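Start from the sequences, fold in the hints, and give me the full structure.
Here's the letter readout for the chains.
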Amino acid sequence: MNLLWLQSGGCGGCTLSWLGSEQGSLFRLLADEGINILWHPSLSEACLDDARELIARCADGRQPVDVLCIEGSLLRGPRGSGGFHRFGGGTKPMVDWVRQIAGRAKHVVAIGSCSAWGGITAAGMNPTDACGLQYDGEAAGGLLGPEFRDPGGLPVINVAGCPPHPDWITETLAALAHGRLGAAQLDDLGRPRFYADQLVHHGCPRNEYYEFKASAEKHSDQGCLMEHLGCGGTQAHADCNQRLWNGEGSCLRGGYACIRCTEPGFEEPGHAFESTPKVAGIPIGLPADMPKAWFIALAALSKSATPARVRENATADHQLRAPSVKRVKK
Amino acid sequence: MTRRIVGPFNRVEGDLEVTLDIDAGQVVAAYVNSPLYRGFEQILQGKQPADALVLVPRICGICSVAQSAAAALALADAAGIAPPANGRHAANLTLAAENLADHLTHFYLFFMPDFAREEYRSRRWYHGAVERFRATVGSAPNEVLPARARFMQAMGLLAGKWPHTLAVQPGGSTRPLQSSEIFRLHRILREFRAFLEKTTFGGPLEDFATLASRDRLDAWRGQARDGDLRRFLDIADDLDLWRLGRGTDRFMSFGCYALEEGRLFPPGVWHEGRLHALDVGGITEDTAHSWYAAIGRPQHPADGGTLPVAEKDGAYSWCKSPRLGGQVVETGALARQAVAGHPLVRDLIAAGGGSVAARVVARLLEIALVLPRMETWLNQIVPGEPWCIPSQPADETAGVGLIEAARGSLGHWLTVRRGRIHNYQIIAPTTWNFSPRDAAGQPGALEQALAGLPVGADDPLPAAIHHVVRSFDPCMVCTVH
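Chains A and B, in that order, give the protein sequences. Numbered by the numbering used here, the letters in the first sequence go through residues 1134 to 1463 in order. Numbered by the numbering used here, the letters in the second sequence go through residues 140 to 620 in order.
Every clue listed holds true.
Restricting the straight-line Cα-Cα distance to at most 30 angstroms, the calculated cross-link-like pairs of lysine-lysine (DSBU-like) are:
(1) B:K186 x A:K1351
(2) A:K1225 x B:K451
(3) A:K1411 x A:K1436
(4) A:K1411 x A:K1351
(5) A:K1225 x A:K1239
(6) A:K1351 x A:K1425
(7) A:K1459 x A:K1436
(8) A:K1436 x A:K1425
(9) B:K186 x A:K1411
Just so you know, these hints were derived from the structure itself, not from any lab. Bear in mind that the values here come from a model prediction, so they are computed numbers and not experimental data.
Given below as structure tokens:
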């Protein structure tokens, strides 16, 4: 299976995240899974005319492309011209190259939330008219349109995340290489279900604080980040606290909120990222699938039942009280 | 005279194109173009100040923490606070982990593969370079990736993940470390040191870090055991990369790694063998040849603006032209170590100015200098002491954050009005190095470094041009942001 990777309106961080893969050398892993990189802007030797020639061959069909990976938002501006990103060395806007090659590739994969939804580049006034391949924020559409399907009938595969975990990318590509990724393996937003059918909350080490609504009040506190510090981990689809990052990390383990970076529109949450909007003291964003009345009732109950150990440790940056030691009576 | 437009240069983080005017077999003028605009300075307007910490790291996937650190410094400046000692050590460790990983990535993945080009087939070192350094298949990149991933586990512990963390805050770090994390970080640093000493340096880091002159460097090479740095020095001598790619020879550093007093590498300017104070007030951004509406004379970034225009006579880049006191400067590890007074770097500059080889040596030198410092900072952490102090900038305030990313000086200038970001201007390292001409017609640092290089009108572009371009470790996504 060959793979062409192009970058547009993004930061390159998806590639950098990918290079942090902890499955041995990423290059050897890809070769071993039968994945051949035709060209990647950060990794390949070929550049200038050699690269342009290859891309042109991919666009007109002389070079078949099995998987087209796009990293970064698609920039339609200014005024629909695509002029905010020309592919270096020529006059053609990147969006035109992407449309052409996507029309011929066997599969199209959006690497990261920029190419999936528009992402950070579409934040604020969206000065470049940035969008994703098949989504414009939460709305289906984007550069290729809601009806886009690859020759096998799949929509754009959205490996969303800002950035995606290295293994989300590799596992998606390996599944494609082995013919194991079909429509049933994608969620309603085109994300691979192997990571998107989880919540960031699953496996969060602050779970005891969450249970008792023992909340962090400021940065470096050990308590739950949901009530005051903007954490969306109970709603965000991803397995970040099961498949850890850079060894044993995740946003919550790093002490800061999940900003729901795998979800469309995460770049404009409607409130400061690291604060939790509330109505009458109750956070607006409830955990996924949780009935509101039950959440409020359980939160009130668990707050009143919070052990002193949990309550005190929640607002400290180190453990003030250890779990007590119980001796078995003889 | 012939004009050639060459691009895309890859292995530069982002998209880059260069226009070359060629006469009598050499470059008479180079025009560097960043063909991608994203508009972060516009996106930031109207946001809550703390939201900058989410947005700005996403300017750049490779210097994400440096962007976070600059924003945190600007916000801390605006709020009039400074982190406690643990927070300072954590910030230093996080920035150092990124900068060192970037230096390693640049050397092995971006820069060295160019020596495996067909053009060098007749060189005695060619087959060795192909075996060792060829992109994706060489033995070196395949050894480096797992070692780099292991080293980046430091980011998992210090910052939750990399890239794009929120652990770096104006008041310190969100991630308190306890004794178990400190132990694991220590193991990561020690393993990375062992890798570097075996694979890259072929000897103790301190032996290289304390070299005081070019002569000592040559003597160090003579004791050659092994190591990719020696392989590079061998190639550098054969191709005389010591005299290739000289730029402005005016070197600037904003300084980085906060100590209790001052910074480990202090700010300043190194020019004509003398150290000058950095006059931050003398920084301006010129848009004469950039696709932006000009707001009168070139502005200091605190007063600057960013308004893209699709058509503009004489414009050829989305990059602005920052100048220091009206002068073009070069920034990066070479500049940082020249300003910091490292004797080897100052000797290399005295002999041949800024060159491809000097830039690469300075980067590796910095790995050897900073990793031992990371071990020290880690030792200075005291679990149980504070990590982060709360901060809230006033509704009407301003702040500046100046820091060094791997590839050079990074500045953020923030103005807050009515509790929202009124203006946010960013000057990234490659904005300095790869700027277009200014109103006075002065070419940017890379434009100067490319002038005079031999190149045919139709032949394949010589590898030397690739070496010069990549010797700056450009980050094009930062350049324009």
